[in-house]
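*Asks:* Residue-level listing of the chains:
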Amino acid sequence: MRRSGIKENINKAVVVSGLVKNFEVLEKGARNIDRIKSLLKPKKKVVTALKGISFSIGKGELVGFIGANGAGKTTTMKILSGLLYPTAGFVQVLGFNPWDRKREFLKRISLVMGQKNQLWWDLPAIDTLELNRAIYEIPHLTFKKVLDELVEILDVKDLLTTPVRKLSLGQRMRFELIAALIHQPEVLFLDEPTIGLDVVGQQAIRDFIYQYNRKFSATVMLTSHNMSDLVDLTKRVIVIDKGEIVFDGKLTDLITNYAKEKIIKIYFSGDVNIGSLEKICKIRRYAYPEAVISVDRSLAAFTAAELLQNFPVADITIEEEGIESIVRRVFRGEAVNG
Amino acid sequence: MVRLTMYKYFQVGKTSLKQEIAYPINFVMWRVRNIIQILLVLFLWDSLISDPRKVLFGYSRDMILTYIFGIMLVRAFVLSSKSMDVAGEVARGELSNYLIRPVNYFFYWLSRDFASKVLNLSFVFVEFSLLFLILRPDFFFQTNIFYIGFFIFSVFIGILIYTLFLFITSSVTFWMPEMGWGAHFLLNVVLVEFLSGVLFPLDILPQAIQKVINFLPLPYLVYFPLQIYLGKQSTYELVRGFVVEIFWLGALALFLNFIWKKGLKVYESQGR
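As they're listed, the protein sequences go chains A and B.
Note that the first sequence covers residues 213 to 550 in my numbering.
Note that the second sequence covers residues 2 to 273 in my numbering.
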């Protein structure tokens, strides 16, 4: 492969600086009379979706982009792939200004949106893929080789000639990915690639993204509401909230920054008075003989001692808050550096 | 490079054709409907003007029949377009699918459209021959090869102009997503129906009005090609017609390019 062997590269695949995107929203009002008024005298409201964000991504990096709904993740990806015109700021992808949508640029990137499809509904997937071969001007031999490889990894070889409308969502999503990757893009923007899939399907897509990133040294930017996607795939995450970047760094750092509480698991050896337990800590789950409680980090040792002294404890463990529950809190839009 | 680009759009057309015949029964029903429509119109006019010596607005019986039949044919080619749903694709954000790929959206639809027209044409040819052999209607056959050549050329430009019309009216949806259909209806249905010669031959209008209309792009969609076929255009009219038509083709293409670029800047890629 032409891009293999690149390990460390000082070149950046994506550079974003002070990026602002405003949308004009027409206010229509809830009542019919308001809507008629808005027809005569439109009231426009400017919504700032991105408030001057800056970050960069190195070649071959796999970065997770997380945040609550409406935080600006998809908007950023759409600007990076040249779909939206930025209001202000500097954007560069592979040395190109995405907005120009130059042919050479488009041939080297791909954007996969979990809910948008490019496959022709009534035709077998192979027809869409053949069309993409022509559109991306891929030589026959390369096409065949890449296609064989992709259908092999995603295990959909036998379905190539089945009309797309007869495929299940999971199978269709795999072909969407193949269609988006048949031209071997160097930069891949994935917007919720596992949305709506069952656990097996999600795992297959995840493994595939991981392999693609490794094998082709491709730069991958991924948004997902699926915590496993992020935990399994990404080392670095960028957290965006209300159009601003609130965290950019290692996923493990996010966890230590964010984990303000520790989790204590206790196995009791006898009856417990829940009321008195509740006085000294927050109970997350209780099913005799096991209790899971959370306490402030600084109070963890103290609380543990207190528990051992006053309760019939058989076993006790102190743990960090799980990665998943932290990411879940990030999605809820809770402040990260609180 | 050019070869690869040609191949790209050839492949677009080919895929589009496959899609069109993916449901064979639908396809057959569509052809049957066409034949019935042709028969109905033919019988209606045939009985209305049964006297072969009668001349109506300077049209003899066989010319009227040919004009009416020609309208149906030319109209099916020029005023039907695959790119009818561009407004919908813009409003629904489906345009994004094309913008992220190295493909020109206008030529994409044009290729699909031409593929569809080639399919249509081949069936029309068979159906027409059969009908003609069975019914033997009084038709006017143009024998001058130049007129036939100019006729085909003007239909071709008519198709391009109408596609540009569709794209320009669809551009409205960049700013007003809910206005797409309204703009399309006003311009492409009402105006085109009136002034393209679909409802009546334009030369029955008063001279003064005709003079103005001749400088609009609309008569060149249906009326002008048919007049060429019927041999009713003088050399002067022919040259003037093509000059005006090609002027409009260029002007509309420039205008579309201008408005489309502006539209993309406010495009919101909605739907997600």
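What the hints contain is simulated information worked out from the structure, not anything from laboratory work.
Given the structure is predicted, the values throughout are model-derived calculations rather than measurements.
Take the hints with a grain of salt, since some may be wrong.
[To be verified] Simulated restraints on C-beta separations:
#1 A/D334 x B/E128: 17 to 27 Å
#2 A/E236 x B/K212: 55 to 65 Å
#3 A/K369 x B/L5: 20 to 30 Å
#4 A/E364 x B/N27: 44 to 54 Å
#5 B/F124 x A/D334: 37 to 47 Å
#6 B/Q143 x A/I338: 41 to 51 Å
#7 B/A77 x A/E364: 44 to 54 Å
#8 A/K378 x B/E128: 30 to 40 Å
#9 B/L122 x A/F302: 50 to 60 Å
#10 B/L255 x A/F302: 23 to 33 Å
#11 B/L255 x A/G270: 22 to 32 Å
#12 A/E364 x B/I26: 50 to 60 Å
#13 B/I37 x A/K314: 29 to 39 Å
We treat Cβ as the ideally placed atom computed from N, Cα and C, and that holds for glycine.
*Asks:* Evaluate the given range 50 to 60 Å for the C-beta pair formed by A/E364 and B/I26.
*Replies:* violated (37 Å)
*Asks:* Tell me if the beta carbons of B/Q143 and A/I338 are separated by a distance inside 41 to 51 Å.
*Replies:* 45 Å Cβ-Cβ, so the 41 to 51 Å window holds.
*Asks:* Evaluate the given range 37 to 47 Å for the C-beta pair formed by B/F124 and A/D334.
*Replies:* Since the Cβ atoms of B/F124 and A/D334 sit about 20 Å apart, the hinted range of 37 to 47 Å is violated.
*Asks:* Can you tell me whether the CB distance of A/K369 to B/L5 sits inside 20 to 30 Å?
*Replies:* For A/K369 and B/L5 the Cβ distance comes to about 28 Å; the hint holds.
*Asks:* A range of 44 to 54 Å was offered for this pair. Does it hold for the Cβ distance of B/A77 and A/E364?
*Replies:* 47 Å Cβ-Cβ, so the 44 to 54 Å window holds.
*Asks:* Within 50 to 60 Å: is that where the Cβ-Cβ distance between B/L122 and A/F302 falls?
*Replies:* Because 51 Å falls inside the window, the suggested range holds.
*Asks:* Taking 23 to 33 Å as the hint, is the beta-carbon distance of B/L255 and A/F302 inside that range?
*Replies:* Holds, at about 31 Å.
*Asks:* A range of 17 to 27 Å was offered for this pair. Does it hold for the Cβ distance of A/D334 and B/E128?
*Replies:* holds (25 Å)
*Asks:* Does the Cβ-Cβ separation between A/E236 and B/K212 fall within 55 to 65 Å?
*Replies:* Once the Cβ atoms are compared, 44 Å apart, the range 55 to 65 Å for B/K212 and A/E236 is violated.
*Asks:* Just tell me: holds or violated, for the beta carbon distance of A/E364 and B/N27 against 44 to 54 Å?
*Replies:* violated (36 Å)
*Asks:* For the pair B/L255 and A/G270, does the Cβ-Cβ distance stay inside 22 to 32 Å?
*Replies:* violated (43 Å)
*Asks:* Hint says 29 to 39 Å; check whether the CB-CB distance for B/I37 and A/K314 agrees.
*Replies:* violated (50 Å)
Of the hints listed earlier, those the structure fails to meet are numbers 2, 4, 5, 11, 12, 13, in rising order.
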